[in-house]
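Following the hints, position chains B and C against chain A.
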Amino acid sequence: MELLNNLAHYTGWVYPNETVFEWSLLIAVYPYLTGLVAGAFTVSSLYQVFGFQRLKPVAHLALLTSLCFMVFVPVPLLLHLGHPERAFNSTITPHLTSAMAMFGFFASFYVVLLILETWFAYRPFIVEQAQKRSDLLGRFYRLLTLGSYDLSEKAMRYDRKWIFALAVVGIPAAHGLHGYVGFMYGSLKAREWWSSDLMPVVFLFSAIISGVSLLAVLYVVTCKLRKVPIDLACLKGLGYTIWGFIMVALVLEGLEFANIVYKGREGVDMIMEYVTGPLLVPYFVLQMGVGAITPLILLSYMIWRGTTGRALIWGITLSAALVLMSVFMMRWNVVIGGQEISKTGKGLLSYNPLIFGKEGLFMGIALTFAPLGALWVISRVFPPWEDAAAPSHAGAH
Amino acid sequence: MKNDSKPSSATRREFLGKLGRATACVGAVAGALSVLPEVSAKTEAPSAGGSFPNKDYDWTKHQWAFGVDATKCIGCLRCAEACKRENDVPRNAHQFRTWVERYVYLEGEERAHIDSQQDPVNIEASGSEKEYRFANRYKDAKVEKAFFVPKLCNHCTHPACVQVCPVGATYRTEDGVVLIDHTYCIGCRYCVQACPYGARYFNEEKGVSDKCTWCYHRITKGLQPACVEVCPVGARIFGDLKDKQSPVSLFIRNNRVQVLRPETGNAPNVYYVGIDKEVN
Amino acid sequence: MPKHILRLVLLILGFLVIASVAVPLLTDASFYRFGHYRANSVIEIAAQDPVYQTPRYCQGCHAPRHAQWSAGSHKSVSCEVCHGAAQGHPQNGKLPIPADAVKLCTLCHEAMPGRPATQPQVQVAQHSSGQQCTLCHNPHSPKIVAAATKVAGDAAAGKQRAAACVSCHGVDGTSPNDTWPNLAGQSAAYLAKILAAYKSGDQKDVAMTPLAQALSNADIQNLAAYYAGQSCKAPARASGGGDAAAGRALAKNCAACHGETGVGGNPAWPKLAAQKPGYLVNALKAFKAGLRKDPMMAGVSRGLSDADIANLAAFYAGQSCQSTKQGKTTP
Chain A
60 MELLNNLAHY TGWVYPNETV FEWSLLIAVY PYLTGLVAGA FTVSSLYQVF GFQRLKPVAH
120 LALLTSLCFM VFVPVPLLLH LGHPERAFNS TITPHLTSAM AMFGFFASFY VVLLILETWF
180 AYRPFIVEQA QKRSDLLGRF YRLLTLGSYD LSEKAMRYDR KWIFALAVVG IPAAHGLHGY
240 VGFMYGSLKA REWWSSDLMP VVFLFSAIIS GVSLLAVLYV VTCKLRKVPI DLACLKGLGY
300 TIWGFIMVAL VLEGLEFANI VYKGREGVDM IMEYVTGPLL VPYFVLQMGV GAITPLILLS
360 YMIWRGTTGR ALIWGITLSA ALVLMSVFMM RWNVVIGGQE ISKTGKGLLS YNPLIFGKEG
420 LFMGIALTFA PLGALWVISR VFPPWEDAAA PSHAGAH
Chain B
4 MKNDSKPSSA TRREFLGKLG RATACVGAVA GALSVLPEVS AKTEAPSAGG SFPNKDYDWT
64 KHQWAFGVDA TKCIGCLRCA EACKRENDVP RNAHQFRTWV ERYVYLEGEE RAHIDSQQDP
124 VNIEASGSEK EYRFANRYKD AKVEKAFFVP KLCNHCTHPA CVQVCPVGAT YRTEDGVVLI
184 DHTYCIGCRY CVQACPYGAR YFNEEKGVSD KCTWCYHRIT KGLQPACVEV CPVGARIFGD
244 LKDKQSPVSL FIRNNRVQVL RPETGNAPNV YYVGIDKEVN
Chain C
9 MPKHILRLVL LILGFLVIAS VAVPLLTDAS FYRFGHYRAN SVIEIAAQDP VYQTPRYCQG
69 CHAPRHAQWS AGSHKSVSCE VCHGAAQGHP QNGKLPIPAD AVKLCTLCHE AMPGRPATQP
129 QVQVAQHSSG QQCTLCHNPH SPKIVAAATK VAGDAAAGKQ RAAACVSCHG VDGTSPNDTW
189 PNLAGQSAAY LAKILAAYKS GDQKDVAMTP LAQALSNADI QNLAAYYAGQ SCKAPARASG
249 GGDAAAGRAL AKNCAACHGE TGVGGNPAWP KLAAQKPGYL VNALKAFKAG LRKDPMMAGV
309 SRGLSDADIA NLAAFYAGQS CQSTKQGKTT P
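Chains as they are written, first to last, in this note's numbering: chain A, 60 to 456; chain B, 4 to 283; chain C, 9 to 339.
The set of hints was computed from the structure by calculation and includes no laboratory data. Hints may be right or wrong, so weigh each one.
[Unchecked claim] 30 Å max Cα-Cα, derived DSSO-like pairs, lysine-lysine:
(1) C:K293 - C:K212
(2) A:K115 - C:K11
(3) C:K151 - B:K148
(4) C:K167 - C:K241
(5) B:K133 - C:K83
(6) B:K133 - C:K111
(7) C:K212 - C:K260
(8) A:K417 - B:K209
(9) A:K322 - B:K280
(10) C:K212 - C:K158
(11) B:K133 - A:K405
(12) B:K142 - C:K260
(13) B:K133 - A:K417
(14) C:K260 - C:K293
(15) A:K248 - B:K209
(16) C:K83 - B:K245
(17) B:K148 - C:K111
(18) B:K148 - A:K405
(19) C:K260 - B:K145
(20) B:K142 - A:K405
(21) B:K145 - C:K111
(22) B:K280 - A:K248
(23) A:K405 - B:K280
(24) B:K133 - C:K102
(25) B:K247 - C:K83
(26) B:K142 - C:K111
(27) A:K191 - C:K11
(28) A:K213 - C:K11
(29) A:K405 - A:K248
(30) B:K145 - A:K405
Predicted, not measured: the structure shown is a model, and the values here were computed from it.
Bound conformation, chain A alone (with noise of 0.2 Å):
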């Protein structure tokens, strides 16, 4: 019942039925989610598929990654749904014309390939650590082998094989769970400020950002905390790869808003007078400003100037973790945003999130952190380190 407590605030001319927010801060945190997994995909995708030799320290880092953020992503949506109990209603009768419908395919079809990856990676230690424990975690790993402790080179090809496929549908696959997200709101005629055709496009190349933003700040963290020297080229690396790709998604985005201006269609008074008022600063000053036009700058800089060292560090994680605000802050702006402008396009609406309860602030902190949990516990079960007491691995080219 406590929606009902949690009637907006509106100026202007509104529906009677919109006084109530319907998609909330968790709805602005899932497609964050799903944009981190996509991202922390295409990391480990540029080393096994595309060869950026450079990334392979965090090449497996970024699949857990995905994997464990992975596994939380159901849980924003589970925890939104009026019925969860009836949430496989969308496997068992999906209606195909619905972009919602594809989550339940995307989901399954993903976890069960970064299941997979992951299990081929790391098949070399878990048969190793089969062999060589007696424990729980022994007959843990025993039952991953699948009864065979085949590592011969032939073996090894196979493994090989299906890694790089995988990795291959594997972006297809990421994008597409992240992507339908953004298709969602930019196919939606409702909304003069989800309508774009570029939504999705918008999405992805922010997820990317996000991802390999969260992988930098997640390296050099785990290095910091494992007191391992960090690999520099890596690192670069990383940096590389945000700033190419916060150009485009900078861009798109710049373009998305472009198109709404220019084109000045019913609707777009409101909308300038909500992007000029309540949306300035989390837009203008925190999405772009703060958190992508300065890391840009950051980032050109140090390319520009060829730093090194702990100035490097220092520049990408901050940027790094610009971004990972900016990239938020861009879910926040699209949803609740979105959500703000009246359908009348005559009206402004305030969204005033609640602190505790299941749609909540709080919750949505610990939906952000949890699998950073999790995956503290899955690095000690399938340690990502290069320089551990680990096996050569089944690499990629």
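Then chains B and C, alone, in the frame of chain A:
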């Protein structure tokens, strides 16, 4: 690293055996996949005599439509209250299956002042969120033009809400009414976002989305929707398009009618007479 | 193929088989019958019980009231609009009779910008000064149309017949005392109506009843025409025993039918200006007690105290009946 150390002919036999079993499995799966959907589709109970949904009402014989004459509406809001009572809609001022909007142009102003039942001034005038009334706030103002516009679900022919439902909980019937299956809806609210008219809302108590049903349970019994029944001035018209003499057929034939937001391509089925440039 | 690959593939295939078996089992039997939805849902929705029963249902037990209602100007207002939905009635007891008529009636009839001019609407404060609408208006047939009876009598013949009335009502229609009313200049339609009522027994008066019974219908028409044609010469004189100023305030509530100063208004209702105060007092008391029968007047006079009555009488008595100014009429 361990290796299999069997003779090659044994491994070949093993392999062929496994291949054979795998093929059989795949064949079984393929066969099952092709047969099962047809089997499952036939497991429903046979209909009674072919008339659906019940023996007294055959939905293939009707095509419902609605008319709104905004030149007649007096803004008494008996429709909004009757609908809530008829359909167990939450008694508050922010969830409606049907509502009325007031448009007032004051002298010297270009844009209309628009208000409806969720406006706090109107809530104060009625005294509670359970009863509805328009506050007479313009009685001392210089009003150039003013009118009331009843709104409700348009039961579109190409409904955006039906398109986006991920599970098939909302649908359009053969007689032209868009309904919601409250036992199947998962409560994702995608349909609420998709409706360009703001006709849908989420019922927190039931955990499902809800909207006007043209009182399907009444019209299939030969009654009028509750809002049409109680309107004292005939601002709401309902009827069967298949009957050329029904009130709505006459309404459409005898008036210059228009629909809301035709550019969406939804093809709404509520026809308006007497609305104005700012009504959307 | 290596063992582990094969086993993996078998695992995946196994899962797919289970899924493809489970999906149809979990799907509702009526799904896909007409489209991508549960066909049984349509049956369930159509089977719900209506809450509002329509006036035809009310007619079953309330036939006379229904007849009155369907002949009146509220025939487009369903019974359940004012009385609430009739589901479960009469098993669950009576339906409420709205207590606060002002709150209910003004929902439709308060003058408000935006309401079409065809809608009867009033400025509430000026129309009834806060009185309940039902004092004057029958909610089942609210239009106060005392259809003014056409009077086509012969004034000259009426004058001859009026000879029998002179002893009480005066030679020129101006009564010699306080008790019997002035008739000069009174509305013809009203006079015809009231005489007919005395004649038929709808109204009873010790004096008037036998006199009226002796009149023919033609007589009534002629008398009405004669007295209406008389010019009212009664002096506007406030009488002692009542506060005319207080009466003026009360008379605002009477203006709708009797005009602001007792002239004007619907000709079916009597002019009150310069009427004998004693007669007015007696008449109001008689209405209040139900001795003189008029549902509207009964309602209006119910709330009047003796002092109010005296004040009203004083006010009207002091009004000039020569006024050509039309009193305020409301449709």
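Hints versus structure:
no. : hint            : result
1   : C:K293 - C:K212 : holds (14 Å)
2   : A:K115 - C:K11  : holds (29 Å)
3   : C:K151 - B:K148 : holds (28 Å)
4   : C:K167 - C:K241 : holds (17 Å)
5   : B:K133 - C:K83  : holds (26 Å)
6   : B:K133 - C:K111 : holds (15 Å)
7   : C:K212 - C:K260 : holds (29 Å)
8   : A:K417 - B:K209 : holds (17 Å)
9   : A:K322 - B:K280 : holds (21 Å)
10  : C:K212 - C:K158 : holds (23 Å)
11  : B:K133 - A:K405 : holds (26 Å)
12  : B:K142 - C:K260 : holds (22 Å)
13  : B:K133 - A:K417 : holds (28 Å)
14  : C:K260 - C:K293 : holds (19 Å)
15  : A:K248 - B:K209 : holds (28 Å)
16  : C:K83 - B:K245  : holds (28 Å)
17  : B:K148 - C:K111 : holds (26 Å)
18  : B:K148 - A:K405 : holds (19 Å)
19  : C:K260 - B:K145 : holds (27 Å)
20  : B:K142 - A:K405 : holds (24 Å)
21  : B:K145 - C:K111 : holds (26 Å)
22  : B:K280 - A:K248 : holds (21 Å)
23  : A:K405 - B:K280 : holds (13 Å)
24  : B:K133 - C:K102 : holds (22 Å)
25  : B:K247 - C:K83  : holds (26 Å)
26  : B:K142 - C:K111 : holds (17 Å)
27  : A:K191 - C:K11  : holds (21 Å)
28  : A:K213 - C:K11  : holds (11 Å)
29  : A:K405 - A:K248 : holds (17 Å)
30  : B:K145 - A:K405 : holds (23 Å)
Taken one by one, the earlier hints all hold for this structure without exception.
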